[in-house]
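Just so you know, we're using this note's numbering here: the sequence shown kicks off at 1 and counts up by one.
Quick caveat, the hints were computed from the structure, so don't treat them as lab data.
Be a bit skeptical, because a hint or two may be false.
[Stated by the list, open to error] DSSO-like cross-link-like pairs, simulated, lysine-lysine; straight-line CA separation at most 30 angstroms:
1. K68 x K171
2. K231 x K173
3. K116 x K279
4. K113 x K173
5. K255 x K231
6. K254 x K279
7. K255 x K116
8. K68 x K173
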Amino acid sequence: MSNTEEKKFVMNFNVGPSQLYDGVVGFYSEILERGIGSISHRSAQFTNISKSGLACARLFFNIPENYKIYYTYSATESMELVVRGVIEEKSIHVVNGNFGNVWYKTAVHNGRKTQKFENNTNENNRAENTRVELNNVIKNIESADTVCITGSETASGIGYSPDEISEFSEKIKNVSENILLAVDITSGMGGVNYDFSSADVWLFAVQKSLGLPAGLGFLVLSPKAYSRAQKIEEERKNEKRDFGNQHSIALLEKKMSEKYQTPSTPNVLAIAGFGYICKTWLEDFGNIDSLSKITDEKAELFYS
1 MSNTEEKKFV MNFNVGPSQL YDGVVGFYSE ILERGIGSIS HRSAQFTNIS
51 KSGLACARLF FNIPENYKIY YTYSATESME LVVRGVIEEK SIHVVNGNFG
101 NVWYKTAVHN GRKTQKFENN TNENNRAENT RVELNNVIKN IESADTVCIT
151 GSETASGIGY SPDEISEFSE KIKNVSENIL LAVDITSGMG GVNYDFSSAD
201 VWLFAVQKSL GLPAGLGFLV LSPKAYSRAQ KIEEERKNEK RDFGNQHSIA
251 LLEKKMSEKY QTPSTPNVLA IAGFGYICKT WLEDFGNIDS LSKITDEKAE
301 LFYS
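When you get a sec, could you build the whole thing from the sequences and use the hints?
What follows is the structure, given as structure tokens:
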């Protein structure tokens, strides 16, 4: 590339990865030069990278100290971990688009009893009144042990604000303290200020508002969700797992609690990148509340 040739970048407004955050390419180039691509995922060096990144994430995103954080390979894998390890018998799925439907189908595939509340409009219609009304869901949740919703559907743009999720959570608790709320926030994590204490399960991946390449997911569990996962693991410890889906919450906890590691070889580069993002944002913005206000300002300009 000549000095006069302009650098090209891609900013996507469709399903899939979005624009990389400023500095990510330079950071990756620097740590690759230093040999991070060859370090052992069982080394003290990796443990330090993982531990420091998660510490910054807790601070920046206000994730409660008693909530568990696990690495996965994608948000979809996190969905399956929830289905296998958190849903006891029956789940309710709020479906406003493809990702909510994937979660529902994953539960069906794994033999869980399910009930789906789905909007009946074309995904290209982003009108506010096309989404599933959460008040209608509340009337039908007594027989379920887990309710799964998507904070923001990428393809349709339909979703729920943090305040709506918190209000929904309170209404669920009024029905039963034993019903857990699980939320997919892949499209909003990094740009929206979610109250992690308002739900028991959160899952997301890094390729949207976190401004990183795809290839890393997360699963966040409240003490109540983790307690249920322990109970389910004991009850299903002899259950056959499909090849390639051998991870369980119990295995993730064992490795994470010991040395901030993973059961199998993780995406070390992505984990380092996540730590870079969290550390940079912590220094530049202080917390997610400040950054989410910038998101709101940009949205107002975009939609006005």
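Open item on the list: Does K279 sit within 30 angstroms of K116, going by the straight-line distance between their CA atoms?
Closed with: 39 angstroms, violated
Open item on the list: Check the hint pairing K255 with K116 against an upper bound of 30 angstroms on the C-alpha distance.
Closed with: 34 angstroms, violated
- [ ] Would you check the hint for K255 and K231, treating anything up to 30 angstroms between C-alpha atoms as holding?
- [x] 19 angstroms, holds
Open item on the list: Does K279 sit within 30 angstroms of K254, going by the straight-line distance between their CA atoms?
Closed with: 26 angstroms, holds
Task: Pairwise hint evaluation, K173 against K113, where the allowed Cα distance is 30 angstroms at most - done: 21 angstroms, holds
- [ ] Sort out whether K171 lies within 30 angstroms of K68, counting only the CA atoms.
- [x] This hinted pair holds, its Cα atoms lying about 24 angstroms apart.
TODO: Quickly compare the C-alpha distance for K231 and K173 to 30 angstroms and report which way the hint goes.
DONE: Roughly 20 angstroms separates the two Cα atoms, so the pair holds.
Open item on the list: Tell me if the straight-line CA distance from K68 to K173 falls inside 30 angstroms.
Closed with: Given pair K68, K173 holds - Cα atoms ~21 angstroms apart, limit 30 angstroms.
When held up to the earlier numbered hints, the structure conflicts with 3 and 7 and fits the remainder.
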